[in-house]
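Trainee: Protein chains in written order, with numbering that gives the first Met the number 0: chain V, 0 to 405; chain R, 0 to 405.
Mixed in with the good hints, there may be bad ones.
Because identical chains share one entry, a pair is satisfied inside a single copy or across any pair of copies.
No more than 20 Å apart at the CA atoms, straight line, and that leaves these computed lysine to any residue pairs for SDA-like [unchecked claim]:
1. 282 x 115
2. 282 x 405
3. 131 x 18
4. 179 x 80
5. 160 x 313
6. 179 x 358
None of these hints come from the bench; they were simulated from the model.
Every value quoted in this text rests on a predicted model; they were computed, and no experiment measured them.
2 protein chains.
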Amino acid sequence: MLHVASCEQAKELLNLKFGNRYVGKEQIALADVVNRVLAQSIVAKEDVPGFDRSTVDGFAVHAADTFGSSESIPALLRNIGEVTMGKSCELKCERGECVAIPTGGQLPQDADAVVMMEVTEDYGDGLVGITKPVGPGQNVIYRHDDVSFGEEIYSCGKRLKTTDIGALAALGVTEVLVSKRPIVGILSTGDEVVPFDVTPRIGQVRDINSVLLSASVTRTGALPRRYGICSDDDDMLQERISAMARECDVIFLSGGSSVGAKDALKRSVEALGEVYLHGIAVKPGKPTLFGEVNGKPLIGFPGHPAAVYFIYDLFADPLLRGMMGEIITLPPPCYKAKLTNTIPSNHGRQEYIAVSLTTEEGLLTADPLMSKSGLITQFTRADGYIEVPRDCEGFSEGDWVNVIAL
Amino acid sequence: MLHVASCEQAKELLNLKFGNRYVGKEQIALADVVNRVLAQSIVAKEDVPGFDRSTVDGFAVHAADTFGSSESIPALLRNIGEVTMGKSCELKCERGECVAIPTGGQLPQDADAVVMMEVTEDYGDGLVGITKPVGPGQNVIYRHDDVSFGEEIYSCGKRLKTTDIGALAALGVTEVLVSKRPIVGILSTGDEVVPFDVTPRIGQVRDINSVLLSASVTRTGALPRRYGICSDDDDMLQERISAMARECDVIFLSGGSSVGAKDALKRSVEALGEVYLHGIAVKPGKPTLFGEVNGKPLIGFPGHPAAVYFIYDLFADPLLRGMMGEIITLPPPCYKAKLTNTIPSNHGRQEYIAVSLTTEEGLLTADPLMSKSGLITQFTRADGYIEVPRDCEGFSEGDWVNVIAL
């Protein structure tokens with residue numbers, strides 16, 4: 000498996016080797032669940048709503064008593080009292096009677112509909128005129144219309160959103176069993192790499208990749224742990240990788256850009272564990288490495304930060320989601336935009352191209368950022384990226400393309 | 000301004016009244032900047048790259064020395080040494096000479112191109128054969144090709160993404176001036192409302208809205224502060240709202256669902272400050288209130304959690320972003336999906352309809368969740384929502400619609 004793999008082969012390999020590396024579960028408070036992955040299914044422990052409720056302000060009635068009523072011939076009903084918000088209603092509504100009820104109030108016994116306040120008239124002496132008929136069940140939400148006791152609301156593996164915390168609160172769920180967040184060890188390697196807050200001397204470059212990988216890991220919902228920078232020395236590399244393999248769930252290395260540095264990284268992984276793949280037919284990101292040390296998945300990222308970004312999105316993000324047991328049912332939402340420039344064929348490699356987006360009269364245009372190795376320009380101007388599939392002939396100026404948001 | 004406003008009027012009013020409520024700035028470490036809004040523009044303090052670099056492994060040369068070279072008649076150059084990664088290169092490359100160079104290495108003085116290792120041959124005795132010509136500048140990225148000293152990289156008001164932290168690290172930025180996060184006081188009101196972790200008695204409902212609003216505020220990047228639940232008592236309401244106006248930057252109230260509760264809320268805001276608007280022609284969410292107490296913007300949300308979600312997205316999210324000085328240049332990315340059911344006209348109100356999405360052979364279908372007041376069902380099944388504009392005749396089954404992700 001050490002030849003250059005296609006993207007599909009690389010994904011299959013990741014799945015084959017690491018598809019079962021689940022990191023475990025933990026119980027957390029409801030307030031903290033957004034963006035976490037459910038490690039249990041959620042079953043309703045009660046009916047929602049718990050009682051028959053009015054959905055409007057008005058009068059609870061027998062629907063049959065309102066049939067045929069109109070502005071000219073209103074139905075006359077006797078008002079026998081009112082429902083109080085937040086209190087159980089003890090009133091019983093007989094035929095010919097009505098009960099004043101607020102939105103959300105409990106429907107009185109035997110009433111089967113609510114007429115809106117707007118179509119009623121107070122005739123005094125406890126008499127109310129109804130000027131428009133209602134059907135049975137109208138303006139009422141019945142007990143367990145929304146959810147019934149024992150119904151499965153969410154299945155295991157779902158990543159929870161803002162709305163889900165609302166639904167769980169409605170069910171009275173106070174604690175939730177979620178997947179643990181994998182601890183991701185991050186190490187930058189390369190003799191030329193210095194910490195990003197140090198001014199590089201000639202020949203040196205700042206460590207951008209571990210900053211970028213940390214932020215990416217956080218975005219996926221896992222926990223980054225930084226192991227600094229290591230030079231291309233086999234002994235030091237092996238010592239550092241061994242420590243990461245003991246202390247973390249996953250190992251992310253970002254390689255030096257030279258052949259020598261890449262070799263040192265590969266040798267070290269081979270010495271400690273196994274290299275499964277070295278080289279993927281993707282642009283940018285060819286010199287990517289997948290391996291395993293001490294039972295921990297390992298990804299060796301390319302040196303160029305733009306390549307790191309795409310390789311992360313393409314392979315590392317799904318790996319981490321898989322380790323949390325996440326079941327992904329939808330692709331990410333896209334921008335549909337018109338290309339400002341032709342993108343040539345990519346000669347058998349899957350290609351990712353950063354684009355900047357501009358809105359003009361409600362239409363989006365996508366401007367490909369093709370700078371040679373211009374990292375900062377690519378990152379600062381990019382709003383998203385487009386995927387050029389392996390066998391694609393490229394795109395022409397004016398084509399509509401799908402842009403995945405950064 | 001107390002009639003029912005259109006969505007556009009409501010947005011204009013928010014902008015008119017609160018368009019200038021900037022919350023201030025703070026300096027934070029680079030590691031924490033993702034999702035924060037820049038309160039300064041970022042200007043490059045150095046050239047990137049800081050020196051002329053090779054983008055491949057190979058030999059630095061004078062391009063002119065390689066012209067006309069081929070497999071059969073290679074150009075012969077004398078190898079005078081090698082560039083070491085991470086070190087400044089002191090070598091000078093004269094005509095007829097070449098210097099071994101790794102990817103990222105500094106280009107030796109006077110060399111103007113790099114030939115890739117793959118098109119060279121080692122003839123021994125320090126002689127290297129070049130089998131393919133290169134042009135001047137080929138395989139080289141020049142000093143400040145990417146960014147020049149003094150260039151503006153980001154403008155004030157930009158919300159920073161994962162890639163931006165990479166670009167800032169590349170520029171050696173260690174601290175960034177960002178907008179403070181507005182503190183948002185959140186209060187649920189209503190005699191019938193009990194904390195979500197309490198089992199409601201008949202007639203009572205759980206407080207879903209403050210849980211939902213907290214999570215939403217966090218998602219926008221502001222700081223929620225919860226003030227619990229208050230009954231529909233004018234004195235207690237006024238006391239609680241006054242405290243929020245002193246301690247927070249914004250006040251979010253979620254109203255009881257009955258007319259009486261709504262009146263209590265409106266009376267209290269009027270007693271303490273001003274009500275600017277009560278009622279928006281939007282479904283769900285009509286009984287929304289905008290006001291101001293003690294100079295602090297106030298939004299009174301409807302009682303129904305689904306309405307709270309949409310009103311938050313439509314009005315509260317832009318308000319908070321505006322208070323952070325965020326400049327929004329793009330709409331959110333969308334799903335394009337085929338409707339499974341007809342959605343009727345909405346009679347002059349802008350309408351928001353939650354949908355669930357299904358992927359079938361690469362095509363997305365959107366299933367409208369039209370349940371009467373089925374909150375949980377709407378929230379648990381929804382993947383996004385569609386907007387039905389005010390004057391729209393509705394959508395037909397099979398229409399392609401834009402779905403905004405939840």
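Trainee: Now, for every hint given, state plainly whether the structure supports it.
Mentor: Cross-check of the supplied hints:
For a Cα distance limit of 20 Å, the shortest separation of residue 282 from residue 115 across copies, 18 Å, qualifies, whereas the shortest one inside one copy, 63 Å, does not. Taking identical chains as interchangeable, the C-alpha atoms of residue 282 and residue 405 lie at most 20 Å apart only when both belong to the same chain, with a minimum of 17 Å there against 32 Å between chains. When the C-alpha separation of residue 131 and residue 18 is checked against a cutoff of 20 Å, the pair qualifies neither within a copy, at 62 Å, nor between copies, at 45 Å. Taking identical chains as interchangeable, the C-alpha atoms of residue 179 and residue 80 are never at most 20 Å apart, the minima being 54 Å within one chain and 52 Å between chains.
In the homo-oligomer, the alpha carbons of residue 160 and residue 313 lie at most 20 Å apart only across protomers (18 Å), although the nearest pairing inside one protomer, at 22 Å, exceeds that limit. For the homomeric pair residue 179 and residue 358, neither the shortest alpha-carbon distance inside one copy (40 Å) nor that between copies (28 Å) is at most 20 Å.
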